[in-house]
Amino acid sequence: MTDRLSLARFPDVEAGRTPACQALLDWVQDREAERLCLVSGAAGAGKSHLLAWSMGPVRFDAMVPGEGLRLAEAVWGISGQLCYDGWSVDDLLRHVTQDERPLCIVVADAHKLDNRGRAPGTMLVPEVLEPLLELPWVRVLAEVRDAKASPFTKPARVIDLDDPAMTDEGEYTRWYNELAGGRPSVPVGEVFPHPVSGQLAASLPDSLPEGKDVCTAWWESLGAPVRGAMRTLALARGWMGVATWRLLHAGLHPHDPDAADAVDEAAARLTRRTVEYRLPLPRLVSLARREDDSGEQVPDPERVFEILLGLVPRDRNGRPDWEHAPRYVLDHILAHAPEPRMAGELISDPGFLVHAEAGAITRALEDAKVPTPPSLRAAWYPAAPTLYGEAYDAPRTEAQRAAVLRTSALANAPRLADLLAPAARGSGFIARWSLPRRSLPVLDGPVPEASWPGAVAAMAPGAEGTVIAADTLGQLRRLSTADGTVAGRTVNTPATGASGLVRIGDDTFVLLDTSGTLRAVGPVDPALQAALAHHNSPAGGTRAVCLGGDPGGRTLVVGDAAGTVHLHEAGGGEPVTVRISEVPLTAVGCLRLGNGADLVLVGSADGHLSVWAPPRPPLDQAFMMDGSPPTAIALAETRVGVVYAAAYTHRVISVGRVEYGSSRKIHVPHDIAALVLTPDGMLAAAGYDGITCWRCDLGALP
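Numbered as in this note's numbering, the sequence shown ends at 1352 without a single skipped number.
Keep in mind that the hints were calculated from the coordinates and are not lab data. Ideal placement from N, C-alpha and C gives every residue a C-beta, glycine not left out. Possibly wrong hints are sitting among the right ones.
[As the list claims (entries may be wrong)] Just the calculated beta-carbon pair ranges, DEER-fashion: (1) Trp889 to Asp1347: 56 to 62 Å; (2) Pro932 to Asp908: 35 to 41 Å; (3) Gly960 to Asp908: 17 to 23 Å; (4) Ala1212 to Asp1347: 21 to 27 Å; (5) Arg1065 to Ala702: 42 to 48 Å; (6) Glu995 to Trp889: 45 to 51 Å; (7) Glu973 to Pro1267: 44 to 50 Å.
Using the sequences and the hints, build the whole thing.
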């Protein structure tokens, strides 16, 4: 949210909507106001325009478009924009409950939420938004058609755009007269206070015929070619670019040489300020679809589908080039598929999966009538939340999206993973293997070689070709970096849980358990043992919250909830201590360089990543800032210099060279609690839901 707001700073308000804008700003600033605000009004009243205007003066924390939205997509969008890990309703509620910063969530077109399927978008209100409104730091701003019929049960501040008091009549009149060139044929009282009705009426050459509304009169004022173009636009399932509109209309009227010109004229009649179009009122859609004239036929859906599919370019082998397909086709062609079989063919194309809108693909996979192999569903669902475009820091390029989906497909859809490999190669990070979490009983004897160890809470470098993984009980296992198989257990520690692990010898470790206690596993130097005991004692200060260490086992660093870092030599001695942050630390990493100097990278709860090179004080300016806290940090000295990897709660890893600070992103289809980075560019990331190993192209780092 924001501090004191004034309309004087944001004067660009049209159609006399100053009172409505001020009412919205008043709600934002009123700390005692209802925590739910409903912007209501008939179609064309300007609800969406008011929300769009408010994005200037007001900082909203998450916004989802309600039209056609399913519950899963809404949760992905809100969680991703708030930089939360976890993609279920329970995960979202848990994170917001623990996050006491003021939050405002916006739902546009809440009256158009999808009401079909087992988890329709209409469940967003009772399952997510109303429980969140129980929290005193959460506000919700929603756009609805009728506040009295809204799905919300909580008390609400209502900004009703049908109420004349929400529009300055003098400003509206001046705006309307200007649109009409100073000579409106329809009196302003016939359209006040609705902006869309005013725009339509201002273009009418004559007064309204008796018994006809503005929409009907406007429609009948159009020439036949323009009405034809409008009928094509009425087929749209969303906003359509003018180029796609032209091509679709020309395809439906192949013998009309003026079809494209008719679209241009139709676009000019709708608005002069956009490159994407849709009919602005349901009444116009009804007129365009000939719903009042059953004697005429609407275009055949199969023909519409064929034309849209024909807009996708083909490569030299005749395959669809989805990278260069129109955006409308990528977002909506599944909704135009006249048969489930055709939708199944689309989502069986790896190129389509990489480029198309993630929500549309998910809806098709949820449709039992759409024929798809189970392996595709198993590969898609872990990747879908990351690929959903509303998420913060979502992958944007073809290579990034292909890499996410390929990583998810490696375990369950190897054929799809092979097909995605060429596109994923451009990301610079090639997943060698990725294993989702599976249940595993606690065993006392040797672990079968191919067993999966379950959820991973911490990791450390092992002997060559292995990493050491600590599960949620604190048990340690050696995993092969070649394929993730278990080479055996190193130590079976007490069931204390784990949140950090450092290897300081062949079979010697320091483990940070979930209570904040540091434990030695195996023989350690007595001086280091004493230092660990001091950290664990009340006299040691604030509880440890994160642990890191030099891959060579020479140092370890401890971060605490007070923002302080403690650097210890593995052989003992006095620690070096420095206060780095005013907020709790969340991750630390350490590297002893070839010249004997230490380099420490520290992540804090405010999303800052800081560099410390003891004994010098840490840099005043953050090395990097992100929208979410780091969860794990790893460092390695490589052929291209010192490389770091920092994982964040929104399932992204930044990898870059420390000397430059810039990085490339890896988007991971599971949570990340631990990282291991080796000098040859092997990167392993693990969490509760899985573990993945990549080969990084170090030469491609910026």
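Hints, one by one, checked against the model:
Take Trp889 and Asp1347: their Cβ atoms lie about 38 Å apart, and the range 56 to 62 Å is violated. Look at Pro932 against Asp908: about 29 Å separates their beta carbons, and that is not inside 35 to 41 Å. Between Gly960 and Asp908 the beta carbons are some 21 Å apart, a value that agrees with the proposed interval 17 to 23 Å. Checked against the hint of 21 to 27 Å, the pair Ala1212 and Asp1347 fails, with Cβ atoms roughly 39 Å apart.
Between Arg1065 and Ala702, the C-beta spacing of about 44 Å keeps the proposed range 42 to 48 Å intact. Glu995 and Trp889 have their C-beta atoms about 26 Å apart, which leaves the hinted 45 to 51 Å range violated. Range check, Glu973 to Pro1267: about 48 Å between beta-carbon atoms, so the 44 to 50 Å window is met.
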